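*Asks:* Given only the sequences and the hints, what does the whole structure look like? Please build it.
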Amino acid sequence: MRKIRVFFTKLGRAKYISHLDSNRCWQRAIKRSGLPVWYTEGFNPHMYLTFPLPLSLGYESRYECVDLRLLEDIPDEQVTARLNDSLPPDIRVFRCAEPVMDQKEIAWADYDILLCCENGEALSRTLNDYFEQDEIKVWKKTKKAPKEIDLKPHFQVLEQALCSEGVKLTLRCTTSIEVNINPSLLLDNFPGKEQIETVSTCRTMVYTGKMEQFV
Numbered sequence: 001m002r003k004i005r006v007f008f009t010k011l012g013r014a015k016y017i018s019h020l021d022s023n024r025c026w027q028r029a030i031k032r033s034g035l036p037v038w039y040t041e042g043f044n045p046h047m048y049l050t051f052p053l054p055l056s057l058g059y060e061s062r063y064e065c066v067d068l069r070l071l072e073d074i075p076d077e078q079v080t081a082r083l084n085d086s087l088p089p090d091i092r093v094f095r096c097a098e099p100v101m102d103q104k105e106i107a108w109a110d111y112d113i114l115l116c117c118e119n120g121e122a123l124s125r126t127l128n129d130y131f132e133q134d135e136i137k138v139w140k141k142t143k144k145a146p147k148e149i150d151l152k153p154h155f156q157v158l159e160q161a162l163c164s165e166g167v168k169l170t171l172r173c174t175t176s177i178e179v180n181i182n183p184s185l186l187l188d189n190f191p192g193k194e195q196i197e198t199v200s201t202c203r204t205m206v207y208t209g210k211m212e213q214f215v
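All residue numbers for the sequence shown refer to the working numbering, where the first residue is 1 and numbers rise by one.
Any given hint could turn out to be false.
Claimed, not checked - Below 27 Å or equal to it, Euclidean Cα-Cα: the simulated BS3-like pairs (lysine-lysine) are:
1) Lys152 with Lys104
2) Lys31 with Lys152
3) Lys193 with Lys168
4) Lys3 with Lys104
5) Lys168 with Lys152
Calculated directly from the structure, the hints in this document are not laboratory data. Owing to the predicted nature of the structure, the values given are computational and were not obtained by experimental measurement.
*Replies:* Dropping the structure here:
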């Protein structure tokens, strides 16, 4: 049995597929591909698939991965080709390899965000004031009950620039097991959000606590 980590992009219309439906999509694609995937044992055998960092509905991503186990030693290039032949066109596998890092090592993720608006300069100034606060207190849903947290230590603005559509942001957000910060949590509590017409978000990279690319 061989463990394998499949890296893929989820763009375009695929952003409207929820995590649960993505799981079903992958199971159907793997069955169509004919890959000898391992199933769990017991009374209810099911395909072993693990997504280290589920993607929020409406988000695109250029760096997703799913872990599975194969019963045969098949070349990575062949696994990639067979999966791409079976997956929807907006989900593309770009790499397959044996896992190097544990899923628990995931700590940060980068996001490219496009904020469309009429007045990009005004929005950019309001964003600066928002990001430069000493604290950004918000209420975050948890399994037990809503909890107030300070977002300030959990994100970094890597880039902020004006564009023809409005403002482009590149954010780095905490994505650890203990704390997982979705960029929407930051923007939904932004006092100038009424200036924003539409938001497009794409995850571009995932890192460990040592700021190493997760592989």
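*Asks:* Hint by hint, say whether it matches the structure.
*Replies:* Structure-based check of all given hints:
A hinted pair counts as satisfied when its Cα atoms are at most 27 Å apart, and Lys152 with Lys104 qualifies at roughly 23 Å. With a C-alpha separation of about 44 Å, the suggested pair Lys31 and Lys152 falls outside the 27 Å cut-off, and the hint is violated. Using a Cα cut-off of 27 Å, the hinted pair Lys193 and Lys168 holds, with the two alpha carbons roughly 15 Å apart. In summary, the hint linking Lys3 to Lys104 is supported, as the alpha carbons are separated by about 17 Å, within the 27 Å threshold.
For the hint linking Lys168 to Lys152, the alpha-carbon distance of about 20 Å falls within 27 Å, and the restraint holds.
Comparing the model with each earlier hint shows a violation of hint 2 alone; every other hint is respected.
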